[in-house]
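Given only the sequences and the hints, what does the whole structure look like? Please build it.
Residue numbers (numbering that gives the first Met the number 0), protein chains in the order written: chain A, 0 to 168; chain B, 0 to 647.
What the hints contain is simulated information worked out from the structure, not anything from laboratory work. Mixed in with the good hints there might be a few duds.
The calculated DMTMM-like cross-link candidates involving lysine to aspartate or glutamate, where the alpha carbons are at most 25 Å apart (straight line), are [what the hints assert, rightly or not]:
1. A:LYS103 - B:ASP585
2. A:LYS125 - B:ASP585
3. B:LYS599 - B:ASP549
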Amino acid sequence: MRKLLVFLPFIVFIGLGSVLYKQLGTNPEYMPSALIGKPVPDFKLVSLQTDTVQDQTSLPKQAYLLNFWATWCPTCEMEHAYLRTLAKQGIPIVGIDYKDDKHKAQQWLATRGNPYQWVLTDELGKFGVDMGVTGAPETFVVNSKGIIVYRYQGALDDRVWQEMKGYLK
Amino acid sequence: MIPEIGHFALILALFFSLCLSVVPLIGYWQKNRVLLHTARPLTYLMSFFVLVSFLVLALSFMTDDFSVLYVSQNSNSQLPIWYKFSALWGGHEGSLLLWILILSGWSSAVALKSVSLPKDVGPVVLSVLGMVSLGFLSFMLFTSSPFVRALPDAPLDGRDLNPLLQDIGLIIHPPMLYMGYVGFSVAFAFAIAALITGNLNASWARWTRPWTSLSWAFLTLGITLGSWWAYYELGWGGWWFWDPVENASFMPWLAGTALVHSLAVTEKRGVFKSWTVLLAIFTFSLSLLGTFLVRSGVLTSVHAFAADPTRGIYILMLLVILIGGSLLLYGLRASQVRASATFGVTGREAWLLLNNILLTVLTLTVLLGTLYPLIFDVLGLGRISVGAPYFNTVFSPIALLLIVFMAIGPFSKWHHTKASLLLNAILLPAVLAIVVAGLLSYVYALGMMAWLTLSVALWSALLIAKDWFVKVSAGTKGIIPRARQLPRNYYGMMIAHLGMVVTLIGILLVSTSSHESTVKLSPGESVSFAGYDFHFDGISHLKGPNYLADRGVISVSKNGDFVALLQPEKRFYSTSRQIMTEAGLDAGFTRDLYVSLGEKLSGEAWGIRLYVKAFVRWIWLGGLMMMCGGLLSALDKRYRKTVRGNNA
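Listed below in structure tokens is the structure:
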């Protein structure tokens, strides 16, 4: 018995090692949050366009994308064109301007075009904390019942969209 | 040319580490003294060349040699000179070099001290350290050399250091952290040497103890600095986030704390022998695992370095060889070890056993929380993330229980303590603590949990004081001479335990009695919050060496008396195009005033976040006390005598 026991650490470690091995090379960016299956947390955020305070009620009633972005984020710039293509296809997108400067954000949208139905400013990143985002860009899919069903960290592109659009209903 | 010298020095270091891992061991098996004696010079040679390559890389940073890819990725000509130096460990390759440099430092220190070890133990220990160096040097040379050139198209200027890392806390935080968890490699090497030579007696514990205490002290300082940095730099006023990278440094600390205690038992009583060896392996394995998790990209984290699957595979192989090999060796050898002493259920051994069990459970709790998302995914159950709620619920009660045992333990005697004596000693302070904590909780309207925690904290503090008083007042010599006679080891324990209490009080009060609020203020406006008046004087613009900033000026007063002038900043780093917030802080013994600048709202108004953090300094004060405790016990007189004789 004791003979077996002293080998236990070794056996456990080999098990752990194989878990880590399997995990290598998978994409850590695909990481749904603890919020999957839950409604969007309560918020009160100022709209970038109208400078008024908005809450849950202003969110679209059909399924939509919730996209965290910022002018300080180069990846968001890459993503922006793709978001506009999606917007042209009629996909509703709500933007959260994350830890950003308001004027720069307005200028950004003026020069690059606005793919968003609403842009809400989360200047202190508090809503970001509630949503568990770790950076920008990050995109959540919220279904027509207002439930978060999918999360993606990183820039959206065709490849990601193929998987993501299945959740949008 | 100069960077190539660094690269070449690294290759030489690799060569010497290879020799170091092989030659002394052959010497040990063939009982060849000449081969055994090569261990020390080989260690010095290896360390020297690692130092050379470190200095060369530092020179490349100082002279803005942007033809070196790593320099161009992590530095910029506008960067202040001290950040140019600390930028060296701002990325993966450089921090790995720092890791190896520190490992070489520890190895050389062991080599210097190894003269007092038995002739065949020192070389084997050095050889094991050489194997660790070999693993990391080859990892560095084959997958992540910092000396790779970006020729022929060398950039004119660098991409700049991540602004988050441009801070005094980050200059000293990584070296201290590495000093800590790389230092555990010494305990590991001693444990492996004990397994190889089959000398699992109390003497190895004695040799290992000062090294372990010292590493533990460094790690404590490193974690404390990291927490302090996160507090003022990330701008949320939080001091611990249960981020995978924080956990990676916290797990070796927990296991190391267990190790420090179990080494004491093994040294003094000759029990827990095979457990202590396992714990030494476990502690260093957690340091390595932490390195793997941070570097391989299997977990996402705010601190994560760029992920590269080849690197991940290489580190994993390294882990399997080092940890797997050690555990296999442990399995083969540990079954032959028999305990040479017994102890009763009320003896100090039993309390320390409880300490070890709880610390191990805590370590596994953190390990499980950190790895759970991975295991979950491998089992095909989908992807999840584990957050602070899990850690707080599971961790806090066990940690509180641990502090209860911490308070009682020192009162017990080795082998056996009379239960009635023990009860008598701890009962009165317990009643006193509960009453005082109850009064405090009532006056300051704290809850039940706070009452309980505060009672435990006060009780521990009372017991620590009482223990000291009992010790110094016995006998006829008078208090001061007796107090001076107590060993440094004892004072180390006392201060570290008090530090634990101070940290506990800090954690408790910061989470129960802090206030936060977000307000919209225009220049000239004031707001009253948590008993203070915050007056927003206005915003000024200024230009730093490599950034532009808006600086808010907020004067704080209480009942009309001026308290502090806070100047939170919002910085825009032009090269990396990132915005960073610098909080405005007024530190105090019982409270911090903390202000961070949000967004400019309509007109002249700004969103401003205000915090009054009660007793937050105590968390780090306790950390510093624990560090001092560790240092003191590492410097205990009896470790400085030669320990050749086996008189433990």
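We went through each hint and held it up to the structure:
1. A:LYS103 - B:ASP585: Violated, at roughly 31 Å.
2. A:LYS125 - B:ASP585: This hinted pair holds, its Cα atoms lying about 23 Å apart.
3. B:LYS599 - B:ASP549: Holds, at about 10 Å.
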